[in-house]
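Undergrad: Chains A and B are the protein sequences, given in the same order. Last residue of the first sequence: 92 in this note's numbering, with the numbers rising by one and none dropped. Last residue of the second sequence: 372 in this note's numbering, with the numbers rising by one and none dropped.
Covered by chain A, according to a simulated footprint, are these stretches of chain B (three or more residues, beta-carbon under 8 Å):
#1 14-23
#2 107-117
#3 129-142
Keep in mind the hints are simulated off the structure, nothing from the lab. We put the CB at the ideal spot given by N, CA and C, even for glycine.
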Amino acid sequence: MDWSSRPTPHPQTAARIVDGSAVIVLADTGQVNVLNAVGTRVWELCDGSRSAREIAETLAAEFEVTPEQALSDTAEFLESLVRAQAIVLESP
Amino acid sequence: MSVEGADFNPQSDNLYNQILAKTREEHRLFTAHWELTYRCNERCAHCYLDVLPASARAPEELTTDECRRVVDELAALGVLNLTFSGGEIFARRDFFALAEYARAKRFLLRLFTNGIAITPARAERIAALHPYAVEISVYGARAETHEQITQRARSFALTTRAFRLLRERGVRTVFKTVLMRENAREFDALKALANALGAQFRYDITLTPMDNGGRAPLQHRMAYDDLVRLFRATLDPAVWTKRTLRPDQPTCGIASNALLIDPYGNIFPCVQARVPIGNLRAQSLQTLWQASPVWQELARLTLDQLPVCRQCELNSLCVRCHGLARLEDGDLRAPATSNCMAALARRQALVEQGALPQDFPIPAHLQKQSRG
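Excised from the complex, chain B in its bound form (with noise of 0.2 Å):
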């Protein structure tokens, strides 16, 4: 008997990334994100849910029942790490229970919110979930801009007490930011921010439209001069330069080892890719995981599978989302616009840094917007 190699060494870090590699090869489920509910608090401008108010009565959402009996699903079938998300997951009257709940199952944890909830009573029962983080929603370094875009007076006020609070508890943080046309000049003041709140910073440059069709979040944005300031600032170019894509290659995780549970039992492949599943109503968990055909023909959508975007030029400067190419653009395999512009202000940023030659191509599909 031996526990040689057991005891806690940097090994592990090796063996975990074998084992995540292992489920995504293997279409084994590890990771769930769950959106408990759509009523939220806020009224955040380029939302791409058609959020209820946070009092609105939810009679379809899943049971406290419901929700146990998934949680018992979703730990059978071995998965690990577990978020729950919005809406604002503190509207549901049981979200303590459900997560306590995960939490005796040996969930890792991950709490998305607003935070404007979280009082010092609230503060004190996530930090003895143990939650590995709470992220939170920070649209602004400034109370003006914030409450611009969340459209809900006292918010930015509310949201970084709710950083303080956890921290003084010892909870991780994350402070995510979504860049727009808001808060794009802001990107420096945010991140000292995160930092002054003791918070990991994250940002994204990705607005969608709303998943029921709507577009009016798009108007927010950012203009393409602010995405190259932005890459200009950010890119490192021995990354970006040696980046390259195989076509046999999946250009996302995709249908590997994670799917997306929304509040009324749906099951979709990710957050932004709504292609239906089946409901947690109907069916088990396991038979939906492993019966649907369409985890095998997302799986299957390698770069060879994308007619315009195999034969694009900046196809290694793109980071290229299925879900996003079908709600904008109406086609899974279709180039999503805004993942194109963003590739077009990578390659204008690195050209301008001299990391890639003046006269490094522009692909026919994008020719015109690069004019623009």
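Isolated chain A (complex conformation) (with noise of 0.2 Å):
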């Protein structure tokens, strides 16, 4: 995981937030996917204007969690997106 990358929605990607959880849809494969609320906050936070780290020490102070835990957690998630070309990393 580069930290100091940008995490920005893939430009394939349409979404809303529909009573607190994030509707995304892959246009590419017609791939829709309902996400939680921690997963929803990550991904208002993937906006292009923070660095990975940023997000990773927003949710640590949001939901409470050590560092270790959100940056651990975090990148799971940020690799997850970035597998199913919801988000690119851009550089800095």
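With the hints in hand, could you dock these two chains into one complex?
TA: Below is the structure:
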């Protein structure tokens, strides 16, 4: 995980937050994804304006987990989003 | 902190369906169909729009800035699904500016087009939009049939080229056809052509009067015998013989979570039901969506509010459209004649297949047609 990279939505994504859940459609495959509260918060933070590290730090503060746990969970989730082509990691 | 269940899993489909159902139940706007222009480069014989030439001036259309404002309003209200249609969408010179703006706002975009204007360069720009689908209208499996409807020379070659250009660039395409008198016997060939072009095949049997009241499109409707032949080949008896409608059930999703915008900013419930709601130049979308009494009136049109349909023995075989009833028969609550004929044809096909008894009743208001 390059913690200085800036996660940003992949160009194929369409998305809305509905009742606190992110609804993300991968337009190229037609796959629909609905995220839970934490996933939705990560998605909101993936707007290209902050680094992966800053996202992990924000989550640690908001969800009251240790920095280590936040880094681990954030890395795992961001990597799953990258694999699914829901986000891209832009170089700083 | 846990993202459990948040990775991309099969549960999402169920969750998405629950969200969709909730938007319908709570009258939350989620889908918009936007006719960007009535200018068109074809002259389809069955078209319900009073279209203008593609090169015509159309000063009453929403300007680019007005369209962007509407896109902003749609996003603010939570709309995800956005369809751009026409006329022909590429008749608007600012089409890509609008589509790119909408995609930057993360709408799921569908494009309806005849494909004629899709060049390699435009196909590249379409692919870069990542639309959910480009839906292209085709009216014949042969150039002669297609161009008899479109009344435009070389349209078949140009339209089929569009499928190839988009497919080469990974864009999902839908091959849409309206079955009518001229092409009903090409049904299998149309399906095969869609398959050969790598497109999903979708067909409709609905032809409506023009929005200006003109009835010329109706002369292209499939003959009753062709309808029966189609249903014999396509109906799944297990589905249709089990289908039931509750009296308190709406017969379509009208006025629940979707609306139509025309090129001049007028809002309607849907393409068929042009019941005026208001105009976006005069009022905000939020006001029109939340304050107009029309939505509630239409949402209350359940089966038990339809005096003839609620008693009709064929209502479980009918795909009723309130808008068509209004357009064709002058009353939202009346039976729509063409829906009735389709239900009658389904009945006949299912009787012939042995899925319904020979004496399955024919309602009084259709006795004459069934003999005719």
